[in-house]
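K.L.:
Sequence:
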Amino acid sequence: MSSLPVYIAGIGIISALGSGLAATEQALHENRTAVGPLQIFPLLQGCPLPVGQIHGLPAAAPLPRTHQLAGIAAEQALAGCRQPPDAIILGTTTGGILKTEQLLRDNEQTKTLYRYHGLTTVAEEIARQWSCGGPALTVSTACSSGAVAITMALQMLRAGKAEQILAGGVDSLCRLTYFGFHSLQLVDRAGCRPLDTNRQGMAVAEGAALLLLTTRRPREPLAELIGAGLSCDAYHPAAPHPEGQGAFMAMQAALADAGLDPADIDYINLHGTGTPDNDLAESKAVRRLFSVPPPLSSIKGATGHSLAAAGAIEAAVAAIAVSRHLVPANTGCREPDPALGLHPVTRPLKQPLAAVL
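According to this note's numbering, the sequence shown is numbered sequentially starting from 5.
It is worth saying that the hints were derived from the structure and are not from the lab.
Treat the hints with care, since some could be wrong.
[Unchecked claim] Derived CB-CB ranges, DEER-like: (1) Asn111 x Leu353: 37 to 47 Å; (2) Leu180 x Gly138: 50 to 60 Å; (3) Gly184 x Gly24: 23 to 33 Å; (4) Asp281 x Glu79: 29 to 39 Å; (5) Gly122 x Lys165: 48 to 58 Å; (6) Arg220 x Pro246: 37 to 47 Å; (7) Asp265 x Thr219: 23 to 33 Å; (8) Arg220 x Arg193: 44 to 54 Å; (9) Pro139 x Ser187: 33 to 43 Å; (10) Pro66 x Ala260: 18 to 28 Å; (11) Pro222 x Pro46: 24 to 34 Å; (12) Phe183 x Asp265: 25 to 35 Å; (13) Arg36 x Gln256: 32 to 42 Å; (14) Ser187 x Leu108: 16 to 26 Å.
Beta carbons: idealized from backbone N, C-alpha and C, even for Gly.
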C-alpha cells in the first residue's frame, strides 16, 4: 500500500449501452440491456447469436473498429486535459483483426494489409493522436487485460515513474471471437443472464474504457483508485479454478493494497460472465472472502462481455457507482441460482457508496 494517492481525473467509455459517462449512467438507471442479434458482419448459415454491438461507427473508415473505439474513449477521457499523458497502457486481445479479416475475405492484396493488425498498433495510434512521447504499452491477458492495464498504471504512478497515465482496455467484435466462443459452447442464445439459474453462457461484445489516472489532485476528481490486486493461478487456459482461487487471491490482494477490510466494501461489481463455471467459481471466491457479502451485481447482462475492455468498463462503472451513489442491477437475472449462495441486486439502487470492489 502506498500513501501516494491516485485520482481518476477523466473517464472515456463506449459500449453497447451508449457513448460517454452520461449515457452509460442513464442506461444503468433504466436497467436496460443492449444485447441483440449480431449485425456487424454476415453469416453464411445459422441465426445470429446475441452480442453487445455498438452502432453508428463508420464501416469504411481507414482505422479498424478497435482503433476507432479506443479513439472515442481517449477523446472523452482527455477532454479538457492541457497536456498529453506521460504514458498510455492499453489492454486488447483483438487489435485490428476485424479489418484484417475483411481484407483477407476480399482477397485485397495491399501493403497496408497488416498496418493496423498487430495488438500494439492501438496504443501506438492513440499515442500518435495525442502526441504522447512516453511509453505506449500493450497488455494482452485475455479478459483481464483492461484491469491489468489500470493496475500497471497505478503501480507506475505510485513509483513516481509518471504523473498522469491513460489506461484501460478495448476490443471490437470480430469473427475470431464470435465463432471462437460459439465453438466452445459458451454463448447463451437467450442473451447473457449472470447468476441466473438458467444461465447458459455469455454474450460476446465490444467496447472501450480509458481512465486518466493522476497523482495531481484534480479540482473535481471522479473517484480515487486506492488499491488493486492481481493473481495468476494457471489452472486452465480457458476455465477458472473451480473454487475461484484466482479471483479470491486478486480480491484479497486488492483489499490489502487499499488497506481495507471486507466489511469496508459497499458494493462488488462482479466479473459475472453468465457461464455456469465462471459464476459458480466467482461466487465461491466471494463467499470465502466476505462472511456477509455487500450488494453485488454483474453488468454483463446489459453490456455483454467486451473481453479486454470488460475490466476497464467495469472500473468506469465502479467510479460511476461511487460518484453517483448508484448500485447497478444484475441485468438479465430473473431467477437467482440458489446454488451460488449470492443475492444479486435485481434493480438499480440509490445509496451512498464509499468503497467499491
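K.L.:
Compare the structure with the hints numbered earlier in the document and write down the numbers of the violated ones, lowest to highest.
P.N.:
1, 2, 5, 10, 11 and 12
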